[in-house]
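Given only the sequences and the hints, what does the whole structure look like? Please build it.
These protein sequences, in sequence, are chains P and F. Just so we're aligned, residue 1 is where the first sequence starts under this note's numbering, counting upward by one. Just so we're aligned, residue 1 is where the second sequence starts under this note's numbering, counting upward by one.
Hint data in this document are derived by calculation from the structure and do not stem from the laboratory. Treat the hints loosely; a few may be bogus.
Stated by the list, open to error - Have a look at the derived ranges for each label pair, beta carbon to beta carbon:
#, chain 1, residue 1, chain 2, residue 2, range
1, P, M121, F, D71, 28 to 36 Å
2, F, R170, P, D35, 46 to 54 Å
3, F, D117, P, S174, 49 to 57 Å
4, F, K161, P, Q58, 38 to 46 Å
5, P, K74, F, R170, 33 to 41 Å
6, P, I18, F, A98, 35 to 43 Å
To be verified - Covered, in the sense of this in silico footprint (three residues per stretch, anywhere, with C-beta under 8 Å from a C-beta of chain F), are these stretches of chain P:
#, region
7, 4-15
8, 101-108
9, 127-136
10, 142-153
C-beta: ideal position from N, C-alpha, C; glycine also.
Protein chains: 2
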Amino acid sequence: MNIVCLDLEGVLVPEIWIAFSKETGIEKLKLTTRDESDYDKLMKYRINILKEHNLKLQDIQNTISKINVLDGAKEFLDELRSLTQVVILSDTFSEFAAPLMKQLGYPTILCNDLIVDETGMIVDYRLRAQDGKRKAIEAFKALNFKTFAAGDSYNDLTMIKKADGGCLFRAPQSILDVEKNLKLTTTYEQFLAEIKTFLNNN
Amino acid sequence: MNIVCLDLEGVLVPEIWIAFSKETGIEKLKLTTRDESDYDKLMKYRINILKEHNLKLQDIQNTISKINVLDGAKEFLDELRSLTQVVILSDTFSEFAAPLMKQLGYPTILCNDLIVDETGMIVDYRLRAQDGKRKAIEAFKALNFKTFAAGDSYNDLTMIKKADGGCLFRAPQSILDVEKNLKLTTTYEQFLAEIKTFLNNN
Numbered sequence: 001m002n003i004v005c006l007d008l009e010g011v012l013v014p015e016i017w018i019a020f021s022k023e024t025g026i027e028k029l030k031l032t033t034r035d036e037s038d039y040d041k042l043m044k045y046r047i048n049i050l051k052e053h054n055l056k057l058q059d060i061q062n063t064i065s066k067i068n069v070l071d072g073a074k075e076f077l078d079e080l081r082s083l084t085q086v087v088i089l090s091d092t093f094s095e096f097a098a099p100l101m102k103q104l105g106y107p108t109i110l111c112n113d114l115i116v117d118e119t120g121m122i123v124d125y126r127l128r129a130q131d132g133k134r135k136a137i138e139a140f141k142a143l144n145f146k147t148f149a150a151g152d153s154y155n156d157l158t159m160i161k162k163a164d165g166g167c168l169f170r171a172p173q174s175i176l177d178v179e180k181n182l183k184l185t186t187t188y189e190q191f192l193a194e195i196k197t198f199l200n201n202n
Numbered sequence: 001m002n003i004v005c006l007d008l009e010g011v012l013v014p015e016i017w018i019a020f021s022k023e024t025g026i027e028k029l030k031l032t033t034r035d036e037s038d039y040d041k042l043m044k045y046r047i048n049i050l051k052e053h054n055l056k057l058q059d060i061q062n063t064i065s066k067i068n069v070l071d072g073a074k075e076f077l078d079e080l081r082s083l084t085q086v087v088i089l090s091d092t093f094s095e096f097a098a099p100l101m102k103q104l105g106y107p108t109i110l111c112n113d114l115i116v117d118e119t120g121m122i123v124d125y126r127l128r129a130q131d132g133k134r135k136a137i138e139a140f141k142a143l144n145f146k147t148f149a150a151g152d153s154y155n156d157l158t159m160i161k162k163a164d165g166g167c168l169f170r171a172p173q174s175i176l177d178v179e180k181n182l183k184l185t186t187t188y189e190q191f192l193a194e195i196k197t198f199l200n201n202n
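Below, the structure is given as structure tokens:
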């Protein structure tokens, strides 16, 4: 049996923090895992900016409620789920993901949680595990699945390399420059073809 | 983060082998994991009966294509998937599950594969792992999920006992007689209430 593990932001939905940056006009919130490889550093930086501007979880959720999934993402995912098992592995938070999962027809997502104080301010976050995407791939492999992993960011690289097969999808030049051995796909058509090749060989 | 692991047959869809037994009139195919605790013995017994009657995978798939999911199962699962992550852990086969997963809106299912010869006869099966349901629970726990498991059969007992929470759903008397400490639910309303209690405490 095969299982396909996909990153969420940049692959199926827009980058949530970039959308929130646009909404608030706070330029500094544009930084994502595509730019910064140290996730803890990135999240602490974001939480500090939210505090400075007195922005709460609800403010981010209001932005997310207006986000649409990427053009073609639902159709791509629907077809993929008719072919094999799919799990989304994301470093986002369940508090952010819910409305997007609804739009995508509730695929299974393994992600993280925020810690929010009584006033609704985000004070910290709870990673399920360090390098949790890679660990999820290892867990599925230990359960005797053949795994395919794909994403666009630094935090996807260890899972892609650990999986039995994988590729990048719309990754930025900074990652392409370093990861010359990983195949890049940029349309859902190419992406699905790449996954189908893997499924047919396993 | 929480993850709810559900058995498939008897919980969300009818027992496939019972349906096939009715369709073919072969009484001996009525035996399921609710009756026989040794899964390998049960499958070898089934494969032998299929061979005797020259019944192929396609014959079983024709029966499955006419099966409807249990009354209320889709609504139950839809609500549950809007609340938390759900994975179906089943000892059925991907060759059987596909049309039923479509009816249920493609939840993630971890199950097994059949080995089919060139004439379409089922000659063997491939368990992903011995006691695979329990191992999946252990894997999710190792990934720092709080796990809830539920089912109706012998092959669900180890996963239910290993999970952080769990219950039986419409289990037969033979299991209730032995497993007096496991809570039994018999309607989707009770079932959902039991899971919600778990989610609220985790």
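Next on the checklist: Of all the hints numbered above, which does this structure not satisfy? Sort the numbers upward.
Outcome noted: The structure breaks hints 1 and 7; every other hint is satisfied.
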